[in-house]
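Chemist: Sequence order for the protein chains is A and B.
Numbering-wise (numbering that gives the first Met the number 0), the first sequence opens with residue 0 and increments by one.
Numbering-wise (numbering that gives the first Met the number 0), the second sequence opens with residue 0 and increments by one.
Calculated directly from the structure, the hints in this document are not laboratory data.
Think of the CB as a built atom: it goes at the ideal place given N, C-alpha and C, for glycine as much as any other residue.
Treat the hints with care, as some may be off.
Partner residues are not named here, just some residues of chain A that face chain B (Cβ under 8 angstroms, in silico) [unchecked claim]:
1. L11
2. F96
3. L98
These are the residues of each chain, in order.
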Amino acid sequence: MSPTLIQHALLLSLALFAIGVVGVFLRRNVITVFMCIELMLNAGNLAFIAFSRAWGNLEGQVLVFFVLTVAAAEAAVGLAIIISIHRHKDTLDVDAFNLMKW
Amino acid sequence: MVAHSNHEPASGHDEGAPAAHAPAGHGTGHGHPPEAGFAGSPWVVLLTFILLFGAGGWLLRSFPDTVPFAILLLPLLGFTVLALFGDAIRDQGEGAGACWLACGTVLTSFALAVATVYRVMQFPAGDTGLRFTQPYLGFEWIAAGPFRVQMNLLVDNLSSVMVLVVTGVGSLIHIYSVGYMSHDPDRVRYFSYLNLFTFFMLLLVLGGNLPLLFVGWEGVGLCSYLLIGFWFTKKSAADAGKKAFIVNRIGDVGLILGMILAFNLFGTLDLVDLVSNATSLTEESLWQFGPITTVCLLLFLGACGKSAQIPLHVWLPDAMEGPTPVSALIHAATMVTAGVYMVARLGALYSLSPTAMTVVAVIGTATAVLGATIALVQTDIKKVLAYSTVSQLGYMFLACGVGAFAAGVFHLMTHAFFKALLFLGSGSVIHAMSGEQDMRNMGGLRSKLPWTHRTMLVGCIAIASVPPLAGFFWKAEILWSAYKIGGWGPYVWGMGLAVAAMTAFYMFRLYHMTFSGTFRGTEEQAHHVHESPRTMVLPLQVLAVGSILAGLLGVPAILGDVLHIPNVFERFTEPVFEAAHEALPQVFTAAPPAHTIEMALMAASVTIAAFGIALAWQLFQRHPEVPARIASSAAPVYRLLLDKYYVDEIYQAVFVRGLALGGGKTLHAVDRYVVDGGDGEVRPGLGVNGIGWFVREVVAKGSDVWDRYVVDGLVNLTAAIFDNMSYVFRSLQNGLVQHYALSMLIIILFMIGIGSRFIL
Chain A
0 MSPTLIQHAL LLSLALFAIG VVGVFLRRNV ITVFMCIELM LNAGNLAFIA
50 FSRAWGNLEG QVLVFFVLTV AAAEAAVGLA IIISIHRHKD TLDVDAFNLM
100 KW
Chain B
0 MVAHSNHEPA SGHDEGAPAA HAPAGHGTGH GHPPEAGFAG SPWVVLLTFI
50 LLFGAGGWLL RSFPDTVPFA ILLLPLLGFT VLALFGDAIR DQGEGAGACW
100 LACGTVLTSF ALAVATVYRV MQFPAGDTGL RFTQPYLGFE WIAAGPFRVQ
150 MNLLVDNLSS VMVLVVTGVG SLIHIYSVGY MSHDPDRVRY FSYLNLFTFF
200 MLLLVLGGNL PLLFVGWEGV GLCSYLLIGF WFTKKSAADA GKKAFIVNRI
250 GDVGLILGMI LAFNLFGTLD LVDLVSNATS LTEESLWQFG PITTVCLLLF
300 LGACGKSAQI PLHVWLPDAM EGPTPVSALI HAATMVTAGV YMVARLGALY
350 SLSPTAMTVV AVIGTATAVL GATIALVQTD IKKVLAYSTV SQLGYMFLAC
400 GVGAFAAGVF HLMTHAFFKA LLFLGSGSVI HAMSGEQDMR NMGGLRSKLP
450 WTHRTMLVGC IAIASVPPLA GFFWKAEILW SAYKIGGWGP YVWGMGLAVA
500 AMTAFYMFRL YHMTFSGTFR GTEEQAHHVH ESPRTMVLPL QVLAVGSILA
550 GLLGVPAILG DVLHIPNVFE RFTEPVFEAA HEALPQVFTA APPAHTIEMA
600 LMAASVTIAA FGIALAWQLF QRHPEVPARI ASSAAPVYRL LLDKYYVDEI
650 YQAVFVRGLA LGGGKTLHAV DRYVVDGGDG EVRPGLGVNG IGWFVREVVA
700 KGSDVWDRYV VDGLVNLTAA IFDNMSYVFR SLQNGLVQHY ALSMLIIILF
750 MIGIGSRFIL
């Protein structure tokens, strides 16, 4: 793999991750925030694959499967939390969810 | 319960045995088996007896030392079963099972007691001839510094006699109660109390130390209260129970104080050690031993309460509100003799103190006279017997007071027989008369109640000291013991003789009013009169035989030598009282008079008893109109006796009105004006309110200023600091997850920045 390709792949991964971070911080809809988290995870996945390709071994790809598994589990738990919050508050606006203080 | 309620209206007032009713209930379609119910069937009763006796026999063979505990605990077992499963048992066969279970435990105890006494008699006698065993449960009951109390019993010559009396008379009265209480729906409760009483009474006589004796002492008091007030819906019965309990408490204070003082003096409360410590005192230390008199008098106060002696005798006549078998067992044969037992048991202690002996003798004599005189005029059949009991208990204390402990205990034993007999006989009469207790409404019952009549006649003869029945021997023995001590002895003798005459008179007055002449009751009662069921007559017959034979156990030496009958009883109990009798010469220094005088005195007591009997016969059989004329011509005396010397009224005025109410008012005034003091508003004073005023006005106000400005000031200052700082930090914690994540991000970037500074 050429150095250029990995540079491009990493730059793409960084871009995706940055979009995810900005989304998590700035968006007000929980579903969007949640999707941005998924975006960050997938940015991580892309970086793993790029490195796997660069070093010529499969460990990075194996790790991606773990991340996907965890992401699936996290999606299940996260969506369940969102539903339960929605039932409680009747809204999906994150600013309404301010229970995490004394 | 179903069977019971269904047949009750049908069988109405039928007097038959309870088991006979039961089959009547099965036809009502409630699916009851045709038998009288499981627990009521005679086979179960028989099986229970066989099981109990078998277990007792096995215990006796294998672990003879534990048998006294078995004697003690069997009635407790009966009580526990009846108390826990009473309702279930009552539903079966109308409670007959409960009755027979109670009888079974006490009968088994009696059998074991006989075996134990036999075994103790086989022991090699010590130097003193005392044979005893002290079974030990294997643990220390109380261990508080030097104060140690073992869980041990004492089976010796004296407690053997007592155990035999308690279980023997007790089981007869249990059997009698089966018949007597057959109409009472609350029989199971009655029998459970009766069993509990037997347990506590056995604990009292078997306890190896004073605290254990005290537990039994209080326990019998409790059962006495429960049984006097057995028909507690009747106010007089409930009141009588309370009265007995409260009067007994007064005595018990003395008993507790006496025990404490005795422990201080002797360092032990074990009965055996107590007596040996008392006898080992040297003669010099002895006469300077003032406290020993105090100990004896305090313990005697306890005995006065339990044994109904002046001034605490007032509860016993009222106690007749209880069922008659209870009066027989508790208030004639066993519990009320506990005081005599204790004084006799500690005879060695008493004989060290001439003052205590004198007090015991004087109180005993006075009570004997008081009880006998009141009994002369009472018309309630049970009240006559109750005052007779008071009087006879006085006789027992008289015996103890003049040092004739063996004679006192012998009287106790024979009295248990004939007084139980008389009470049960009167119960049989009352039962036949449908609850009538007034002798003026009786008469002519001789032919209608043949067995009750015969047995009660035996009882009357026994108590009236006609030779050769029990009363004659102990009365001769006691009166001789009183006479021979010299000093005030002959006066006591004279009083005792008068009491003997009165006893013979009032007992035969009772006999004639009840059984001779013509029937004076109502038509309804006349129609009802019937001889009691077999369960009631049998105990009467056994007790009558006992009353006749018991006297032969204690023939005084002077007659026994002539007739070649040894004084079995005295020889048997002598070792227990030896220590006491050895100390006596120091108390009673007079030389004993000659034997001819003893013979003369004995003849005098027989003559005077015969005189009493003849007088009663003259007045109540031949000339029934004369007593009323005597009563009206000596009206003040008659009223005085009829109203029991107004002792109750005096107590009411002095203690209840005077002390409780008057004292209450005085104390209220003291409380209000001295203790409270000051008016609590303006005027300062020395009492509680004055001090309160000072505290409120000066101390509290100063403290308030200090509190408000200094203590609170510091607290508020600290709070203010944190309060102000919180405005800064509060804005960070707004609950929005995105803000938290942002802080995280900033910090992570910051840390990466620092980290990269080091790495790069």
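Chemist: Are the hints correct? Go through all of them and say.
Modeler: Structure-based check of all given hints:
1. L11: Violated. Min distance 21 angstroms.
2. F96: 7 angstroms, holds
3. L98: 6 angstroms, holds
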